[in-house]
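Protein chains in written order, with this note's numbering: chain A, 1 to 308; chain B, 1 to 541.
Keep in mind that the hints were calculated from the coordinates and are not lab data. Treat the hints with care, since some could be wrong.
Derived coverage of chain A by chain B (criterion: at least 3 residues anywhere in the stretch with Cβ under 8 Å from a Cβ of chain B; other residues may be distant) [claimed, not checked]: (1) 48-55; (2) 158-169; (3) 250-258; (4) 263-277.
A few chain B residues facing chain A, derived, Cβ under 7 Å [as the list claims (entries may be wrong)]: (5) Ser80; (6) Thr131; (7) Ile136; (8) Ser139; (9) Ala153; (10) Thr254; (11) Ala257; (12) Ala260; (13) Asp261; (14) Ser264; (15) Asn265; (16) Asn266; (17) Lys422; (18) Ala426; (19) Thr458; (20) Ala461.
For every residue, glycine included, the Cβ atom is placed at its ideal position computed from N, Cα and C.
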Amino acid sequence: MGRFVARRLLQMIPVFLGTVTIIFFMTRMLPGDPAAAMWGDKAADPAQLAAFKHRMGLDVSIGRQYLNYMGDLLTGNFGETMAGRKVIDVIGEALPVTVRLALLAFVFELVVGVTIGLFSGLRRGKAFDKSALVLTLLLISIPVPVLGFIFQNVFAIQLKWITPTVQDSMNLGQLILPAVVLGSISLAYVARLTRTSIAENLKADYMRTAVAKGLPRRKVIGTHLLRNSMIPVVTFLGTDLGALMGGAIVTEGIFNVKGVGNALYHAINLNEGATVSGFVVVLVLVYLAASLIVDLLYAVLDPRIRYA
Amino acid sequence: MPAGTRVRWAVVSATSVALVATGCGGNGGGSGGGSSDTSKTFTYQSSEPQNPLQPANANEVGGGRIVQNLFKGLADYDPSSGKLRMQAADKIDTSDAQTYNVTLKSGWTFHDGTAVTSKSFVDAWNWAASTKNNQINSSWFADIEGYADVHPASGNPTKDTMSGLTVQDDTHFTIKLSNKVSYFPYKLGYVAFSPLPEGFFKDPAGYGQKPVGNGPYEFVSWDHNSQVVTKTFANYQGVDKPKNGGVVFKMYTTAEAAYADLQSNNLDVMDQVPPSALANYKNDLGDRAIDAPQGGIQNVGFTLYQADWQGQDKAKVRQGLSMAIDRDTITKTVLQGSRKPATAWVAEGVEGYKSGTCGDFCTYNADKAKQLIQEGGGVPGNSIKITYNADGGHKEWVDAVCNSIRQATGVNCAGDPKTDFKTARAAITGHQINGLFRTGWVQDYPLNANFLADVYRTGAASNDTGYSSPEFDKLANEADQASSIQDTATGYQKAEEQLAIDMPAIPLWYYRTNSGFSTKVQNVTFDSFGNPAWTQVEVKG
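Only chain B is shown next, with the shape it has when bound in the complex (with noise of 0.2 Å):
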């Protein structure tokens, strides 16, 4: 499911060098613990949305990041552990992780003055999951039942709303999934299952364009193109009361650009420094640098849907070709320390991150290579091609990648690039390639279950490998079942050790965060999502 917003993930799988990222628990912090004044406002680097600012709508960093702020759900995640934590609910409550009874807390209104009630959710959902109303992230509601009435597979939705949600009073709600999903209250974080008000479903397309939400900010203006500016919502009821005046997003076309005005104190936080930065970032900013783990990964994917490479003795050829990548030596030179080696599936910081379950697989050893890649009758050809976009910096460690395996094992390799991100995805998804692709995962929400189930179960919607193993299936369907998170979290640790035996992709390496702030603010900090903690953010008087 898309978490990541377009523009992100065309960053992530394009712009190798600097972008995306996993892990929660910012650091980073402030220089200095001058006094701040919480009526100023601070500039975030941008890019211009590229929806209406509805919260079912914003999928890409530009219109997500200013949605987030705008629109508070019943839960989110907290930016220094990653944990899911209450907001507008008081509780959301199960006994058979189908049935989830949500209590609300009173006192939070809209923008515009209106109580936000169990009503707003409903009609909020209902509306969003509806095919009919185009919102990109539709498909976030599929768990909630009677969404194919809504969301048919195809033709006109029957109905306008989902038989799982009933409405008990102002303050109380039931969310009745079809199947058992234990980890749902860790979706209801994601901005999608923001509430709306009433005046929003008489003009949806107005308010896209002047949203009125339930967030720490509220709406002032949207200049196309220029900037966005929020302000302070003074009857905020969050458990993050916000620091500063309010967030203006100033949209940029390049990151250099950015870059050049944060050195010069014309924009205060950035998203993530050029890559032609990255080597000098840290002497530049000094304790304004930033580096911080993110919540994504790096891998390379096999093709499995191909004769070539089914078969348990493939396996062996797989794990080899991971023993032959060199993780430490290219993530310190070609990609200068902005990404850390992996040594799982599940990026570094998230719930149910367990370091080393990939073991000896994602360890150098050149010999070990060569004897397992024997072991399981070599690679086809003795050849092999990594399919990447070539819009994205990934060229360097790719060439790197392949030298490493060439003179580990002998094995030829040569990367095959694709003009751009869209052909690349075009490619991979139409199985239009041989052999190994450049693939990777941004999380939607900081749960392990999303890096595997979303990506290796049987049938997954971003499944691009063709991976299919009754084991690992059978295991996180458990796992679906279990009756707490941390029940959920370890089962599914269990399904991804059967990821080391089979290695239908190879993790390569986490993202990070490589961003930096301003003299003008402090008490900087970025979440797993490479997001700052916007309301922590304090200006200086």
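Pulled out of the complex, with its shape left as it was, chain A reads as follows (with noise of 0.2 Å):
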């Protein structure tokens, strides 16, 4: 296990290297001057211009500017972005405020997306499964700004119950509302892998084996086959998490919620390549976490499972 464990980091360094790599230069290679978008439509003047091209570093070769960023990087230096803020702060305003949201819409998805797949697995056929199937095609079919645009428009524009829009991105309770249209669609899915995979193990031997033992209803689900079939929904979730927090722009858009996707959105709109390279940065981080937690708990939930 420790073994593993240390394997799985070491090979997370080329992994992040490369990752970042990519990303520093595709973004440099987005049309259009970055400093010169500062002046919008109207023509920069070429002087300060020039000042602040030296300012930023843009006035030396992409590879030497490559290389800078990697030794910041190393030291831990983000860079600035173009109007003279630390990316680290910027990064440090948006991810609490993602960070929230996605566990929010990542614990509604996970309980109430395996419990509908657990009833509708154990109940194949039957009303209940029924309508989980209809219910989780619809959210399927919506594509979420749809979603949002109703959940404001009902519950807070006709029923007043909320407001129309996050007035506190660090409030827990208002980000509720915008947690639930993002993790809708992953519900769906969730509720849907879960169904299969319980509808599947409920033929497993060791199923059999366990109701003939006699254990109680209770211990027979819970333990022996909700566990088994979570690997699936395990690794779905997994990269779910990932996504989760590179942020939603939509839905961050349409309850102005200031989170990473918001942030990203700006930043790739000024052509902020230091900005958007940051941000990726932890993301990558972010998704190599849980890729390796995601292999970790294989281990946990099956036993026949075991790393070297």
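Make one complex out of these two single chains by using the hints.
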């Protein structure tokens, strides 16, 4: 187990460096000059533009910029935005918001999704199963923006239960509605994955053994059936957590949540390579960590899986 | 020169159905006339400032609006008429349009209690003009004598001060320009010409995060990406004393979110309703809806630097194309009334605006259009493309313009979308396009010279068409030498007539402010910059 983790951690180094390198060159290859973009539609003053480029380190070759960037990164310096703010501060503001939103959405899809999936799987073909299938089909087919606007209109503008947008992005209570919208599609996938997995494992040999041993039904389902059926679901949830952390540009836009998606959208619009790369660096780390945890969870869930 | 902000521009250029504008004279106004509480603050839809809050660094709307409220220069523009009015200056005199004598009013102080003196202005301008201080609007000081010393075309500045600025005493200073610019006081209304307190120069970065100004509102806090809070400055000496307790600038990512908040009273005043709400916002908001002119114009420019479009005959072709565009129908249908058909190259309501300079050439007439194009030798290849940025909602009207041209004249016309605003700008300034492109102008200051000299003079920074007319340049130069603003404006009206003869760009329509306010506020009016008259907003008691 320890060796497995160590090996995985070592493997992360080339993956990390590779992604950062690719992203660095991709953001720098975006059309348009990021320094000139500060003047918008008006013509940039050439003398001031040159001074800006010098300050931002954009007046040297792309290879030199890359070396400077990687050198700074290794010392924990993520660089500055065009406006002269530290990129790490921008990340520091957006990330806690997104962590809250993502975890809420994650818990929602996990709890509700697995519950629906479990009961559907156990009662295949019954009324509950059929309505769950219809509901999940509906969720999968409605685009997130549509769902967002419907919820906003119904709960905020018609019923006035909540404010239409999030007034304080750090307030968990206000983030519930965006989280439900954000988690709804994944919820449908989680429910369907769980259902299929449960239905299949019901016929497994170990289930028959467990029932034959006379174990109580609660234990048969909770310990044997559910645990074994969670493997495909955990795989999905692991990558989904990464996706949720990457920010939800559309949902954050509808509800005015000041998270990673919103910050990335602005940075890309302004052609701010340093900010975009900074966020991607953090997101790569999150993805790597999530996939490692998923792999370790396999062993916990299924005793047959062992890591040397 | 940049007057609009980065964001605003992106929007202008970009969001066709909803943004930017011209003209003066806000309308709108109050629903009801109930009592108001001068200690209460109101919220305004904003976006995160992209630069530190320094007066010469605020060229985008997010930061620009905040800085405008925290600082007040020698003069500003009356929100209702767009005319220049004195603020910190008692008077600005000149006898030759080159040397300006400024007399300050007494009693003005910064929010930290220190006095606003001649030195506060002169030091601030010298600091802002220097390339080494990296202020985006540093080129606004280019008219002042000695500018090249602090802002050389390349290399480091040789001096820290401009020789044209001389302090006489605490309330008097002179500005000497390197050339005659009769409308220079109009430029002084721009926020880049604000004064700065002594403490600023010791810590410009710190003051950029916690600005100390001399405007109607003082800075309270800046919660990044969330809000900037201001409160009324008790010792404000300007002519526009605030009727409210302060402005809270609340950051929104999308206009849709802001509009939803406005409808439920979680936001008091907004910028522009989202395109999706244009059709219904007047019904939704009733007498709380705003529809006011703005100082901005949408044009289609020609690549006059290409041989295909040169020569006097081709001017006829360009005039013909202009006549083939049915502006009335397109603004009513595709643009849902959010624009007003243009009849000149200067936006409505601006000082020196004269309607109808474009004459028949801006009036739809299919037969005449066809005839002019034939007389001019036709369009090269009988086919044109209009380049535009695809991220701004321009597609609908570009297609409509093309349809109109095709039906009226038989010339093939198609839109040529570029992925986004920056890409389109890079192609336009890099001369990498063919034929026609979407362009526009939003006023830096409400004077016709700004719409003409900065866009159509030979070699002007924003002259994207490559237009170069000796007649236009001569008339513009004469106007610059005039002895009064009125004469300048009249002079530029003459220069504008030359544009009808040459048609370097087709004027399409003027921008408007389509906005609204919540039930908690009243007396909300918008100026030609698309900003509310901040200090006049009343919060209901």
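These are the hints, each one checked on the structure:
no. : hint    : in the structure
1   : 48-55   : holds (count 5)
2   : 158-169 : holds (count 7)
3   : 250-258 : holds (count 6)
4   : 263-277 : holds (count 6)
5   : Ser80   : violated, 27 Å
6   : Thr131  : holds, 5 Å
7   : Ile136  : holds, 6 Å
8   : Ser139  : holds, 4 Å
9   : Ala153  : holds, 5 Å
10  : Thr254  : holds, 5 Å
11  : Ala257  : holds, 4 Å
12  : Ala260  : holds, 4 Å
13  : Asp261  : holds, 5 Å
14  : Ser264  : holds, 5 Å
15  : Asn265  : violated, 9 Å
16  : Asn266  : holds, 5 Å
17  : Lys422  : holds, 3 Å
18  : Ala426  : holds, 5 Å
19  : Thr458  : violated, 14 Å
20  : Ala461  : holds, 4 Å
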